[in-house]
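Below are the chains, spelled out letter by letter.
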Amino acid sequence: MPVFKTPFNGYSVKFSPFYESRLAVATSQNFGILGNGRLHVIDLSPAAPGPTPITELVSFDTADGVYDVAWSESHDSLLVAAIADGSVKLYDLALPPTSNPLRSLHEHTREVSSADYNPTRRDSFLTASWDDTVKLWTVDRPASVRTFKEHAYCVYSAVWNPRHADVFASASGDCTARVWDVREPGSTMIIPAHEFEILSCDWNKYDDCVIATASVDKSIKVWDVRSIRAPISVLNGHGYAVRKVKFSPHRQSLMMSCSYDMSVCLWDYMVEDALVGRYDHHSEFAVGIDMSVLVEGLLASTGWDELVYVWQHGTDPRAP
Amino acid sequence: MEKAINRQKVLLDHLRPSSSTDDSSLSASACAAGDSAAYARTNVFGDDVVIVAAYRTPLCKAKRGGFKDTHADDLLAPVLKAVIEKTNLNPKEVGDIVVGTVLAPGSQRASECRMAAFYAGFPETVPVRTVNRQCSSGLQAVADVAASIRAGFYDIGIGAGLESMTVNPMAWEGDVNPKVKIFEQAQNCLLPMGVTSENVAHRFGVSRQEQDQAAVDSHRKAAAATAAGRFKDEIIPVATKIVDPKSGDEKPVTISVDDGIRNTTLSDLAKLKPVFKKDGTTTAGNSSQVSDGAGAVLLMKRSVADQKGIPILGVFRSFVAVGVDPAIMGVGPAAAIPVAVKAAGLELDDIDLFEINEAFASQFVYCRNKLGLDPEKINVNGGAMAIGHPLGATGARCVATLLHEMKRRGKDCRYGVISMCIGTGMGAAAVFERGDRTDELCNARKVESLNFLSKDAR
Chain A
1 MPVFKTPFNG
11 YSVKFSPFYE
21 SRLAVATSQN
31 FGILGNGRLH
41 VIDLSPAAPG
51 PTPITELVSF
61 DTADGVYDVA
71 WSESHDSLLV
81 AAIADGSVKL
91 YDLALPPTSN
101 PLRSLHEHTR
111 EVSSADYNPT
121 RRDSFLTASW
131 DDTVKLWTVD
141 RPASVRTFKE
151 HAYCVYSAVW
161 NPRHADVFAS
171 ASGDCTARVW
181 DVREPGSTMI
191 IPAHEFEILS
201 CDWNKYDDCV
211 IATASVDKSI
221 KVWDVRSIRA
231 PISVLNGHGY
241 AVRKVKFSPH
251 RQSLMMSCSY
261 DMSVCLWDYM
271 VEDALVGRYD
281 HHSEFAVGID
291 MSVLVEGLLA
301 STGWDELVYV
311 WQHGTDPRAP
Chain B
1 MEKAINRQKV
11 LLDHLRPSSS
21 TDDSSLSASA
31 CAAGDSAAYA
41 RTNVFGDDVV
51 IVAAYRTPLC
61 KAKRGGFKDT
71 HADDLLAPVL
81 KAVIEKTNLN
91 PKEVGDIVVG
101 TVLAPGSQRA
111 SECRMAAFYA
121 GFPETVPVRT
131 VNRQCSSGLQ
141 AVADVAASIR
151 AGFYDIGIGA
161 GLESMTVNPM
171 AWEGDVNPKV
181 KIFEQAQNCL
191 LPMGVTSENV
201 AHRFGVSRQE
211 QDQAAVDSHR
221 KAAAATAAGR
231 FKDEIIPVAT
241 KIVDPKSGDE
251 KPVTISVDDG
261 IRNTTLSDLA
271 KLKPVFKKDG
281 TTTAGNSSQV
291 SDGAGAVLLM
301 KRSVADQKGI
311 PILGVFRSFV
321 AVGVDPAIMG
331 VGPAAAIPVA
341 VKAAGLELDD
351 IDLFEINEAF
361 ASQFVYCRNK
371 LGLDPEKINV
381 NGGAMAIGHP
391 LGATGARCVA
401 TLLHEMKRRG
411 KDCRYGVISM
421 CIGTGMGAAA
431 VFERGDRTDE
441 LCNARKVESL
451 NFLSKDAR
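Chains as they are written, first to last, in our numbering: chain A, 1 to 320; chain B, 1 to 458.
For the record, the hints were derived by calculation from the structure and aren't laboratory data. Errors might be hidden in some of the hints.
[Claimed, not checked] Just the calculated beta-carbon pair ranges, DEER-fashion:
# : chain 1 : residue 1 : chain 2 : residue 2 : range
1 : A       : Leu-294   : B       : Gly-309   : 55 to 63 Å
2 : B       : Phe-45    : A       : Arg-278   : 38 to 46 Å
3 : B       : Lys-308   : A       : His-75    : 37 to 45 Å
[Stated by the list, open to error] Residues on chain A that point at chain B, a partial pick, calculated with CB under 7 Å:
# : residue
4 : Ile-33
5 : Leu-34
6 : Leu-78
7 : Ala-241
8 : Tyr-260
Cβ atoms here follow ideal geometry from the backbone N, Cα and C, with glycine treated the same way.
In isolation and in its complexed conformation, chain B is listed as follows:
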């Protein structure tokens, strides 16, 4: 950085012939580019894994919202179809579809996903699988596809996420192995998520007021984003039906907006009672909403995207999942983000935008403060407390929200991070870079071959 400051000084001296004449209307502004060399360097390679499309359904309240009578596969099919249609890609070129999904029974959900691919128009030759890393399953699916592309298994893949919490509520089936009593950490894996939130709030002193404020902010930002139409680019409207609970009448509807966002105030939230602990701080108002939804992300090798002329939305730079104490699983992002950012060769200051999943206000506020992040950079369009947290879909939802926001913000917004805590004590984080490399802009044809090579070289 010292070098840059010195250079700026030399150049500035050219514009300020003398300090005595103060007629100059010129002034220097600080160079805003990050300090780390990696920020300034371009590294564009044909084998980069890039994201060319990321879409999601609206997120709706489970059991009461717009998708209460919608089959899970009917949520997934529209987004799978959208990533193909919006890029004019031939669906048979897709090497794999990986779907993050959490609550549904494994094999049944895998079948539903395969069926959804058929609904979306994929030929039988395109394989489908599911992945479950709890709340980060959607992000894990995207990372798995990116890894497979990098490994050379295929060049084009879809990472998706799906959850219908209407159909599959959080529950434990069967009995618990009595052995867990001996292993405290294993025992803590059984804690309800709300209790882990209380643990975080208690252990790190996150007040009820701070948590409620975070929830109010989340709703406010999400409402503003919806009103301004900022979610229009990422949301795929879903045509479905709603059954009237009293009359049993079916009504066809098209759901195109998130229905969990409320106009709420601190005093409204203060009235709510803690759910998990008598003198606790975690309420329904400052926790993520229970929702239905899906998202899909189309990834490919940069060389393939260039060849097909598909505009690049973002570049997948790094991904990590780390383990933390299950009793305070909410601290996951605080542990995962620095590792992912370092893996991308960056520093925390280089990140221009964060999507940190708001499982609970307690853990969200803790992670934000622990990492010392600028609140202006985090969840600028609201988070899970307002929009909802359909467990398996959240990762893919965040990719869509983050990359479309980065696209809107332009050149200044170069790096974005997605992170979330994971039940049973983990955290996941991924770093994305904005896609349109303005650096490559050029109006000259490239020569096909170096026709001026010397005779020896030919």
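Excised from the complex, chain A in its bound form:
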């Protein structure tokens, strides 16, 4: 599969839930520490003419780094971008560039680290920020619906439960993961999941009680929220902090992770020898991963080496 070279350092990559060959890539200049950001939308249609099968459909410049991006689950052209200056920007690909960003929501006081679109109700999305809060937004409102402020340090990710439209989980540098129900005033569960900062979490797509957390302690832990005294499984293998973790949309026990050790790993948390595969194609921190919902086994990753890889599980990401 082709490799996409981004001008800035990659931060996040997401498959479109509507078109199997379309991806959004969030990038930040100077490793996201200082400078601009850019959001790319690329198309991988093998049928496209020309020497390269990659087409950049559009790119949007931002005044600060783009740390994450999420596709809308309701409109094929809508994107939510988490910007390092604290803003959340909405882009509509169907509108001319002059009309974009469609909306710029300034509420977070620090870097916005993640964005996640509600997959069941499809009208709202969550953003997590280094200002210790998670905010709930709907597309039609100019201000956030709710702010969830309980974490004591940066919140690195907030993800919706795939079954329950009101339930989500958050991962924070305060070493806890929390489960929330937007109908409740506070968090419904606090999981002191790791001894060190938790950088990412995700829900199992087939079992709505199973959640995974990834931490600076180099491990991934899988939890059943009905009994959080001990994790179901602990996945060791990364050499540095695990930056992101993701459950497969196709197989219940399959997971993907990326790490500061520059590798991307696949895991089966139900078997004893959990590490299914390790990909060492990145030459800098691997910080963004995604698994295609539409094509089973199609994976994507990006990192600080300014490259986006898309490949079929089991093949070499670098193979042309």
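Keeping the supplied structure of chain A fixed, place chain B upon it in accordance with the hints.
Below, chain B without anything else, positioned relative to chain A:
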């Protein structure tokens, strides 16, 4: 900056799970990018004025050097030709040629420049003019072209500089208006440049030793640059002739290196006598050399360069000329540089490389110290004390030297400044940005049209 430091800290904490385990071989290094936001932001626009080529002739000692028997127009023609040939540009597309020139009689020099354009292969449809802002004429020519492109007069232009100090020595013709006696500043305009140098040295306490040291450094750096072949990229060899003064025989030669650079030491220079003042400090050794030479810079709109696929050498960011006291005209760069840098939206710290003309070591050292500049960033390949100062050509020469050095230094060297003092009390400065915007590197095709626009939008 605080924000960047905080971000770096958050990310660093991800790599240092605990302070107790000190097995980590990782360490953080300070973020070297400038503090000002402008440094970090990219601002690439199609209507930027960019430099796609900058070349110069070698600079040779007037009356004694390689160009002592070369007509001035024969110096200009090779560089005009080079900027066209090296970029494969059709010469008829050039909107104007502006030549900075100082000492030669105005109209005669304008004619010579027009003739030089014909020698270089330009069609009659391409106009030529000259500009004279004394020592900064070459830079002024480049700035004039940049301004005209920005104004929309044309899209492609050449800024050049030319001086043959062999043919046209510094001199005053005719008598002086007696009225100058009433106006002190006007009177000071008549001071020989060397006297203004003595004034700077005296008023700001620049010692003979400091000045001689600056000259030694200049020669050393220029000699190193020549030995390493660093001037090869910018110098266009000139085929000309040399007449033997005794026998009168003509000999064809090709001049391809600067001939003023010497291997000199502090003790050599200390022996020289001051020229302008009995107990002075300005000597022939710590002043700029009297030289012949030319330079040319091809500028165009970025969109035009992109369309033609010509690699971009540098971006013209800002230019200023400011006035100072004529009696100490050498302080010009100290006044001009901060203004030009501010006009470019930058701070002095953001500048990675300086070309400050060394008219005299006194004023060069004063400007360097006054602005608190890092000597490692200034005239890294030597300056006018070693290479020479053909007045009108110096500005264009500096553009070639600066941009080729920035290209060599790579991504880290983003902004460069050229500045010089100007006789009768002025200073000029310009800010350039390196050209190859690595930020734009991308291997995907751009879609021709947004074919996924909604039906309403179409």
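Hint by hint, here is what the structure shows:
{"no.": "1", "hint": "A:Leu-294 / B:Gly-309: 55 to 63 Å", "in the structure": "38 Å, violated"}
{"no.": "2", "hint": "B:Phe-45 / A:Arg-278: 38 to 46 Å", "in the structure": "44 Å, holds"}
{"no.": "3", "hint": "B:Lys-308 / A:His-75: 37 to 45 Å", "in the structure": "41 Å, holds"}
{"no.": "4", "hint": "Ile-33", "in the structure": "5 Å, holds"}
{"no.": "5", "hint": "Leu-34", "in the structure": "4 Å, holds"}
{"no.": "6", "hint": "Leu-78", "in the structure": "12 Å, violated"}
{"no.": "7", "hint": "Ala-241", "in the structure": "4 Å, holds"}
{"no.": "8", "hint": "Tyr-260", "in the structure": "6 Å, holds"}
When held up to the earlier numbered hints, the structure conflicts with 1, 6 and fits the remainder.
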